[in-house]
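Student: Chain by chain, the residues run as shown.
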Amino acid sequence: MSTAAELAVGFETDLLELHARKRAERTSLPLRTDEDVVHLRKHVRERAVGIGLSLVDQTKLITAASELARNTIKYGGGGAVHLDKLADGLRQGVGLVFVDTGPGIPDLELALRDGYTTGGGLGLGLGGSKRLVDEFEIDTRPGEGTAIAVVKWKR
Amino acid sequence: MTTKDNASRISQLIQDHQAEIGSQWISQLEALTVRGTASAKEQLRTHCQQFLAAFAQAARGGELENIEHRSWDEVRDLLSEISSTRAKNGSSPSETATFVFSLKQPLFSQLTAGFAGDAEALAGASWAVSSLLDKLGLYTIEVFQKAKDQIIVRQQQELLELSTPVVKLWNGILALPLIGTLDSARTQVVMENILQKIVDTGAMIAIIDITGVPMVDTLVAQHLMKTIAAARLMGADCIISGIRPQIAQTIVHLGVNLEDVITKATLADAFLVALERTGASITIKN
Amino acid sequence: MERIPILRMGDLLLVTIQVDMHDRLAMTLQDDLTERIVRDNAKGVLIDISALDLVDSFIGRMISNTAAMARVLDAQTVVVGMQPAVAITLVELGLTLHGVKTALNVEKGMALLGKNLNR
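Chains as they are written, first to last, in this note's numbering: chain X, 1 to 155; chain D, 1 to 286; chain S, 1 to 119.
I should point out that these hints are in silico values taken from the structure, not numbers from a laboratory. It is possible that some hints are incorrect.
As the list claims (entries may be wrong) - Computed from the model, here is a short list of chain D residues facing chain S with C-beta under 10 Å:
hint, residue
1, 45
2, 194
3, 234
Since the structure is predicted, the reported quantities are computational estimates derived from the model, not experimental observations. Quick reminder that beta carbons are idealized off the backbone N, C-alpha and C, glycines included.
Based on the sequences and whatever the hints tell you, model everything.
Tutor: Right under this line is the structure:
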């Protein structure tokens, strides 16, 4: 397992510290190959089960993670994901921050709209993923890269 | 006189006169409580004795202000136990707090006797004991509240389970009468249950009857639509029945699109449609 | 290379997906199925996903595409055993699996295929 520093992707973003104060633990994983996506799914599943998310919420979170991971690889040219265990005294949550130094998303509004696609099928799937999680933040700069942070809290 | 000295003096006083303080306290409490079986009185006596002993022990630790301090662990545990028991027995929170507060008078009597001649020390000790018992009394109320909350949560869960009964009307046809007001969170849970029951029974059609639902808002309507979409993805279908005029109005008003969904006014009508869809029919014999 | 096994029962092909598929494996399955439909002159394809606790847009697309290609090759596809949590997630994701027939289990799936093929 690499440290966050080793996986520093070179895209500076505040989203990496979105819930810094509530963060109990951070695991960083590379996102370059198909297997990395499968690997991430397993980790997210473990975390989700660990904080007691319901089965439906687990499924939603892992699906969102899978979608966003794939985007990072296919459209971002590969990058990294940081998997956080969050706790703010009242509730627990799982946070994910996807980072890449790809071309960025030129028209964010378009990308968030359902059905948007650049390459056949569902394309980026950002709108869909957004609906699967409780918090969804995106920081993208054309030519520099993209960071997407999502959180799912235990109900 | 330092707090520590005060504390050990108070502690000593209590231990020396434990029986006296105890019986005064108990008679006060017995006078206050109207109901009382013999066993309840016995339990009260036991609680009082246990508390006094633990109190004296804890006071010896020297800490008279912070009841979260570990010297008071045993006292807090005891109070938790007493408070939870009373919550379950139906006592009121003030009755439970009174258990602690009514110790003040017997204690003050002892303090007055024990600190006789030293007015300043007596004032200091009285104040310390008073605020200490206040904190412990409030603690019992907190614990009481938590115990009540847990009972409520458990009841809510049981209610939730009761409100999603499943009726197998016929082979492959389920009826799921929804009862009560549906808020967003509850609706999601109910919908997940419906889908799981479809899988468990292998039903082809689930009739969701909302006769028992007084009001439907946008969120609930959306959840219903999503549930039907999910059921279809899984290979089953849903019919909504029991739509009353007011709900029909609300649905149209909200602009919810029900074109895709079969809706019937009564469960009976829905059942007939379901039968047809599963290739069955009812014959009336003369 | 790992592959997902495809069973043949008469003119039906049966696939049971039991692993967490990575994208390449999913594409391989799609190719294999298309090839087998032609080779075995299959008229029906049954995809059992009852062991899948996750279906994302890629796998969803794979299933849709497979069904579409099967149709072109004159074969019917039925997907069976979708778990409730998966169904709820797909609805939220906005994935409709248009043109794909579904059934609750293998038995019902076979019945559906049989009905549509006029057996």
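Student: With reference to the structure, classify each hint as holding or not holding.
Tutor: Evaluation of the provided hints:
The closest approach between the C-beta of residue 45(D) and any C-beta of chain S is roughly 55 Å, which is over the 10 Å cut-off, so the hint fails. Nearest Cβ of chain S to the Cβ of residue 194(D): about 9 Å, under the 10 Å cut. The hint holds. Taken as an interface hint, residue 234(D) checks out: its beta carbon lies about 5 Å from the nearest beta carbon of chain S, inside 10 Å.
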